[in-house]
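Colleague: Here are the chains, one letter per residue:
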Amino acid sequence: MDYLYYPGCSLEGTANEYDLSCRELFKALGDCLTDIPDWTCCGATAAQCVDAFLSVVLPARNLALAEKTDTGLDVLVPCSACYLNLKKARQDLLENSALQARVNQVLAPDELAVNASVRVRHLLDVLSRDGAVDRVAELAENRMKGFVVAPYYGCQCLRPFAEFDDPEQPRSMDALIRATGADVLAWDMGGVCCGASTATTKPQVGKELVGRILDQAGDAHAVVTVCPMCQMNLERFQPRPVPVLYLPQFLGLALGLSGKSLGCDMNLSDIKPVLSRVAS
Amino acid sequence: MHLTDIREKLAARPDLTRHLAQVKEQMATCIQCGTCSSSCPNAGFMDMTPRRMWRAVLTDRVDMVFSSQTFMLCASCYVCTLRCPRGLPLTDAMAELKQVAFALDLDRFRRSTRFYRAFMDNIRQYGRVRETEMMARYFLAVKDPRVPMSYTGMGIKLMAKHKLHPHFPTLGPGRLGPLFERATQQQEQ
Amino acid sequence: MTDQIGKTLVIGGGISGIRASLDLAQAGFQVILMEQADRVGGLLSQLDTQFPTSTCGMCRMLPMMDRDHVDPQCLRRGLAHDNIEICVSTDLISLTGEPGHFTVSFIAQTDGGRQECPVLVVDDEKIVRDSMKEWLREEGYPVQTAESAATALELLKTGNFKAMLTDIKMPGMDGVTLLTRAKEIQPDLAVVMMTAYAAVDTAVEAMKQGALDYLVKPFDPDAVLLMVDRIYKDAVAQNARIDTVDAVILATGATFFHPDQGINAYGYGRIPGVVTNLEFERMLSHAGPGGMDLTHPVTGRPVTRIAWFQCVGSRDIQTGTPFCSATCCMISVKQSLLAKTMYPHVTEACVFYMDLRTWGKASDAYARQAEAAGVRFVRARVHSLAPGLKEPDGAIPVVWMDPSGERNQSLFDLVVLAPGQHPDAFLTGFVKDQELTADDWGFVRPEPFLPAHTSRPGIFACGSATGPKDIHDSVTGATAAALSAMQVMAGAGRHLVQNSEQTESPVQQAAGISLFPGALVIGGGIAGMTAALAIADQGFEVDLVEKTDHLGGNLVWLKKGIQGADDFLEQQMAAVQAHDRIRIHTRNCAAETTGRPGRWITRLTPVEDAVDQSAGVPVRHGVVVLAVGGVEAGPDAPEPDQKSGFYTQQQFQQLLDGNDIDSGSPLQVALFQCHGSREPGREYCSRVCCPRSLDQAMQLKSLNPDTRVVIFYRDMMTPGLTEADYTEARKKGVVFVPYEPGNAPNLAAEDTGCKVTWTDPILGRAMEMDADYVILAKGIRSGLSKDLAHMFEADLDGSGFFDQADIKWRPVEAMDPRVLACGICLEPGSLALTLASARAAAAKAVSLLGRQTFFPSQDTARVRSAFCSLCRICIDACPFNARFIDPETRTLKVDPLACQGCGICAAACPSGAAVVAGRSLAPMMKTIHAALNAPL
Amino acid sequence: MIASIQTKNQSITRTLQDFFADLLKTGAVDAVLVPSRISKSPYVKPCLITSADQMDQTVPLGPGFFVNAGPMVSRLTRTRADATIGVWLRPCEVRAFVELTKLRQGGRQDVIILSMDCPMALSRKDYEDWAAQGEGGLGDVDKWIHTVYQKPVTKADAWPVARACQVCESPYPVNADVSVMLMGADLDKEIPVRADTEKGEKLLAALDLTDNGQEPAQRKAMLADLTADRTAAFQAMDEEMLVRTGSIDALNRFFSACVNCYNCRSVCPVCYCKECVFNTDAVAYAPAQYLSWADKWGQVPMPNDTVFFHLTRLAHIGCTCVGCGQCTLACPSQIPVADLFISVTRNVRKAFDYVPGRDDAEALPLSVFQESEFTDIVGMGNKEVT
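Residue numbers (the numbering used here), protein chains in the order written: chain G, 1 to 280; chain V, 281 to 469; chain E, 470 to 1405; chain P, 1406 to 1791.
Worth double-checking, as some hints may not be accurate.
Claimed, not checked - To give a feel for the contact side, a few chain E residues facing chain G, derived at Cβ under 8 Å:
| # | residue |
| --- | --- |
| 1 | Ile732 |
| 2 | Gly736 |
| 3 | Gly738 |
| 4 | Ala855 |
Claimed, not checked - Quick list of in silico lysine-lysine cross-link-like pairs, BS3-like style, CA-CA up to 27 Å:
| # | chain 1 | residue 1 | chain 2 | residue 2 |
| --- | --- | --- | --- | --- |
| 5 | V | Lys289 | G | Lys260 |
| 6 | P | Lys1413 | P | Lys1445 |
| 7 | V | Lys443 | G | Lys202 |
| 8 | E | Lys686 | G | Lys88 |
| 9 | P | Lys1594 | P | Lys1413 |
| 10 | V | Lys304 | G | Lys272 |
| 11 | E | Lys638 | G | Lys27 |
| 12 | V | Lys304 | G | Lys207 |
| 13 | G | Lys68 | E | Lys626 |
| 14 | P | Lys1679 | E | Lys1362 |
| 15 | V | Lys437 | G | Lys145 |
| 16 | P | Lys1430 | P | Lys1556 |
| 17 | E | Lys1224 | V | Lys304 |
| 18 | E | Lys1112 | E | Lys1224 |
| 19 | E | Lys1224 | E | Lys1255 |
| 20 | E | Lys1028 | E | Lys1200 |
| 21 | E | Lys626 | E | Lys602 |
| 22 | V | Lys437 | G | Lys202 |
| 23 | G | Lys88 | E | Lys677 |
| 24 | V | Lys423 | G | Lys207 |
| 25 | V | Lys289 | V | Lys304 |
FYI, nobody ran anything at the bench for these hints, they're computed from the structure. Each residue gets a CB set at the ideal place from its N, CA and C atoms; glycine is no exception.
Bound-form chain G, shown alone (with noise of 0.2 Å):
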């Protein structure tokens, strides 16, 4: 199947390796991503704490640059802050047409116009609904046979929109990874919060909530992701080594895709026994 991408600007940053990997994967899954053109900043956490009304601009320019394509596909969002904003944008411009008209009063100047008609989906979403998951276990022959994986979701794709999965236990992410030979670690922590961006401003808030975390990961080989604030806070808070990536990554690893091609060189944490475990 085909979307249309917003990799929001942590993919460009600090989380580049999402960025390559997830590309590199739809392309090994044979699906087409094609970027919404001349996308822009969804507001993050800042818009909201600081002007409601733009926090609902933002993101609503570049659904309207999707809807502009006219190609009626699913808007897939990596990033689960930038889905999140994303989302419920679309949620209040669907249910407030008083908004919505204020909103395009705002974007009809740069000919743009949103009527919130295109989805909004989670990478993790399209890739646990749309039949990733046969084409996974199809292309991995086990690759992963005898690995141990801690599947970390974090917030803002399970929650508040309880899309494609239990906000309470999530657990859209075993199929896939299951589907690698790997298997996937029983923990409660799948959903706790890592800190977000309070991690950011506040370190010691970053340390302990993530030691909490990764304390019960403990016999996972490896602890993956879907979110670049979670994967940053993972990997940056770490109270041991314990090796952080990205699931695309992973799947691509499985997939035996190179790790060059899947940016694990960028990867904060030490994720070589994972590299060294596709490599044998």
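Here the structure of chain G is known, so what remains is to put chains V, E and P in place on it, guided by the hints.
Modeller: What follows is chains V, E and P alone, placed relative to chain G:
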């Protein structure tokens, strides 16, 4: 933080007083069950639990609300929103408190305020976030040498991984200045 | 003539349905009792014990008369009555008509029912196919699935499907094409389109091409079932049985919330040791899976630590349940008490609650009993559970926060969830089909002042169909509904089933006792008037006694606070006064009574200060209805006066009603709940004060939205749908402050007003207000005196209210069924409950008076006078006052209406003179014989 | 009030005879019921006497006790007698009468109960031997009296008293109108008499007795010692009974000599049924039934219902047995029936905290209905919540 400071500042800003009243109204059906607070991953770092803070909102204790860091520590994980038996938009309301706090420009939240300002300026200018420049602006804005120091280690790491690009590729027509302006105008109408 | 015998359809065979059916059957009417499940008994089949008795007493519902016609065994195992036709596993197909002439068609599921309605589900998503299959199979439909249109078409060629549910968007052939092709194969096939993203346009297009309807994903199981039910009913309509009834009683009950629905924060079904309270009930049961011991369902080890979580699918917007389910608190109190007392190995029993709603009669004392037994009550809502992966024995860590914000953690072996009651699919469909008025949540909304009436004349409702209810309220409501059905049948000129005993031998007739054919109703409040009118309307004489000089009781001061009550009271008073079968005796009271129960001669005398002090009127009556009401409890100690702003609820209501509150500038008002209630001296919840305070608070807020209103409460008692008022008051800005006994807010009276100081438990800060008004909710005291109760051999309970034969199962009568009570001398309650109990009492009275003569049944005791030493040990031993010495013959006699057939007399009598038929000595003698003689 | 009656002729018997005569003479009572010899035989029975000069054959205190007078008083009071009757009863007879009044088999209105510290009783065989020693066919009653009241012993004058008396824990008046306090008194000089009720006061007043006496100084201590001895004796008997009747086999052996003469039932003061169930068809079986039992059990003792009969009686009088021992005295087969009955019933009573004869107002346990009691036996019950 003195009660009078906040009261005075609020008195000068009827829009914010209204905003606060709206937040209070949104929270009116809170039954103080504490689900939010025992769910909150950051509750341990907060000087008062979310429940106590909401109670302060509902009993008009603005002094307590804004002398607390609680809402600033909200990481938007939405667990409380998910679980609140009254279906209250707790996470969104936290953000609204942040908005009020920023608009009041309270000293105690200077670091956060400056950070988010720097962020928004960055978007306004480039359309997308240029992380390196944004941080530099932020460090300048807080005017506190300890702040950049605390990020040095991380910066070096990121640099080593080629994740910080001092020269970000220029974006064509993506500048959002006019859009920001129009949004501001729209709100003022 | 059979066709003239009154007949009522009762839908639902749970507690309410059985109660209503029995009431009608005993009164001599015919009943069709229809139940979808394969047995009657409803929820009770799974409950061994009930609060606040810790026993099961369901058999106490069995009739006091007509016992020979009823299976004398345990009601939980079944029911049989000559006048009740029981149709289990039966589906209602249609119901049309009007009072006195409803046409009902129904069909047995096993007999041309759902089995004959195979369903084909077509979807490319396996999860959709599987879950649809599971839902439909559970309801008894045969289901086949197809993953593509092609497979579906193959199946359609071979199978005789009645319905096809198909996805629209599928790889290969899409749903709309499938529809067209399917219709070619089987033109009468009902096709429902399923569409994922509200692609309504396509679905509507499909309907033009012959689809019956469409469903939008994600599906609500209830919506799917309703759709298939509709198809099924159309398909089998021609096979259904058709009958005619005069009235319909809807007693479908409610369904329990499934804790694994929604976010399932408590991990039900995922974490071993998390069970529902019904599952726990089975574990507690000696007949349950654990046998005599309470063991963990997975590890099999004896359970030592148990936690109960309240409000699972109740008081939770997230599960679509803004209301309280009314019973769960007490179920948990009961279960924790039983677990703690029955099993020494249970060391920790802990109930986590938000408000402990012990509003029922004796419930508060029951909760204290649990507390005394060591049950821990924690006011906290636990947010979620995670399996105790790190705990060696699989214990579940429970984390909660106390009011101060302190985090606590304890380990538990079992967590028992108390799921709430929700309207079930049948009710939803019925409400829609019959166009009944329902509330926002789908419960049937009763007509004002007619607790059992729906918006459709002739269709009545009781039990949880009208909102979550406990057994007590359900049973009362069911009997009230039976009265309404009786009224319809009487109005239609229907007759009773011929009384079978009247044809029996003259010897037995001679042994019967007959009642005086009239009723004495004591108390001229709304309860007394309602009962009197209902009894008189059915053709019996009524003497209505009122000690004051006017009728109306408490409603006179309450009426302004209740919408429509003013007119209602006027109407009732006029009707009573105009009724030619009702004699009103104001300024009178019952002075003394002579004669046996049922043949009472009660002398009415003017009250002491009445001008007319004549000797009094003797009234002969067969039943008595005590409806003397109650009053707002007075001050227990001298209290500051109204100058300092102190008012009781009643006083303040009068102030509000008289527009005597100057709220031009915002006021400060404190409402103080449980003032002198639920503590030693008045150890019960009066049930009316919390709703009244909410009402007064909202009135104050609407007078001036800036008025500061603070309600100090212990547990807000807003069970059931009244929870909505609680939420509404919060929305209006009323502040609620909980307090514990011993930590009540301090009231310091000042010259004008009162300074109220307290510590807010959440804020942890000292707070104060200069209150203009302090309103004390003092609760209700019963107006029933011991003397009056004893006059009719009834008694008061520990709180001074009428002592019922059984709190739950015989809620409006004394052990002697001829002594009835209603209104707030029976128990504190709302106007709706008072009207329900009054109508229930009237139903019981009408039923008794309609029969007049009663004969011993096979279950009542008898006397073999030849052996009787007249030692009276049996009279003393009989708990029901059923045995007496006939002064004329100097022999011992048994009153068949009072006798419960318990056999205590037979046990007490040494000479074998007291016997209960059907309970022979022989088997016991044989056992002893064998024990003594058998070789060792 | 406590009055002192001067001892006449150093004979307690004589003094009491005069006392009864005075009761009749003064009109304080219309009749007295006192044990009296029948036709000069050694056997005594309660006799109803209305004439003051008929006192010489009466034996107010002695070891002869062949009928419990409780049911006799019940017979005299079942309906109103239109007369006042003074009844002279041993403590266990008072107890029996009180139990019967609770069962509506008599009433206290027409009687004045006079009771005494118990002189105890001998078994029939011992009594006959004792009687044969004395003059006029009767033993030395006054000597017996002096022996039993001067020293608290369970064996009087070398004669072993009946087992029921050996274990009796309340050998002193309870619930009487007038109590004669013999224990420890200086019987050569006086007999202290205490009025316990208004009726008793009136009676003593009618005899011009005044409040000039006092309870013998040693009486309380002596009774306490006596009771302690007897409690110990009871415990020994209780243990013995457990061994002798603790299994069905042992129980069958214990009653093996029983011939269903029903004497024990006839003399039992608290067996009050109008018609005993054992006289009815309930225990009359068809021949085929006996034969089938014989097939099943190997043998059927005839009569068949002996143990069953005793068990039934145990059930019926479980709470009311007054421990008078008449059943043993009456048994032709020398079965110590009372030993078993006293042992069992005293334990039953303990469970209900009931003491027969203690108090008129104390209700019979079987006549009291409680929804919740003995929950360990009958299961859960929780009615008392309000």
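Colleague: Indicate, hint by hint, whether the structure satisfies it.
Modeller: Quick rundown of the hints versus the structure:
1. Ile732: With Cβ-Cβ at 5 Å, under 8 Å, it holds.
2. Gly736: This hint holds: E:Gly736 lies near chain G, its Cβ roughly 7 Å from the closest one there, short of 8 Å.
3. Gly738: violated (11 Å)
4. Ala855: holds (4 Å)
5. V:Lys289 <-> G:Lys260: Measuring from Cα to Cα gives roughly 55 Å; hence the hint is violated.
6. P:Lys1413 <-> P:Lys1445: holds (23 Å)
7. V:Lys443 <-> G:Lys202: Given that 27 Å is the threshold and the Cα spacing comes to 22 Å, the pair holds.
8. E:Lys686 <-> G:Lys88: Roughly 20 Å separates the two Cα atoms, so the pair holds.
9. P:Lys1594 <-> P:Lys1413: Measuring from Cα to Cα gives roughly 8 Å; hence the hint holds.
10. V:Lys304 <-> G:Lys272: The given pair, whose Cα atoms are some 52 Å apart, is violated under the 27 Å limit.
11. E:Lys638 <-> G:Lys27: holds (25 Å)
12. V:Lys304 <-> G:Lys207: violated (33 Å)
13. G:Lys68 <-> E:Lys626: Measuring from Cα to Cα gives roughly 46 Å; hence the hint is violated.
14. P:Lys1679 <-> E:Lys1362: With Cα atoms ~17 Å apart, P:Lys1679 and E:Lys1362 stay inside 27 Å; holds.
15. V:Lys437 <-> G:Lys145: Violated, at about 32 Å.
16. P:Lys1430 <-> P:Lys1556: violated (35 Å)
17. E:Lys1224 <-> V:Lys304: holds (26 Å)
18. E:Lys1112 <-> E:Lys1224: holds (13 Å)
19. E:Lys1224 <-> E:Lys1255: Distance of about 41 Å is beyond 27 Å: violated.
20. E:Lys1028 <-> E:Lys1200: Within the cut-off at roughly 26 Å; holds.
21. E:Lys626 <-> E:Lys602: holds (20 Å)
22. V:Lys437 <-> G:Lys202: Since the Cα atoms of V:Lys437 and G:Lys202 sit roughly 19 Å apart, the hinted pair holds (cutoff 27 Å).
23. G:Lys88 <-> E:Lys677: Violated, at about 35 Å.
24. V:Lys423 <-> G:Lys207: Judged against 27 Å, a Cα distance of about 25 Å means the pair holds.
25. V:Lys289 <-> V:Lys304: holds (18 Å)
Hint check: violations occur at hints 3, 5, 10, 12, 13, 15, 16, 19 and 23; the rest are consistent with the structure.
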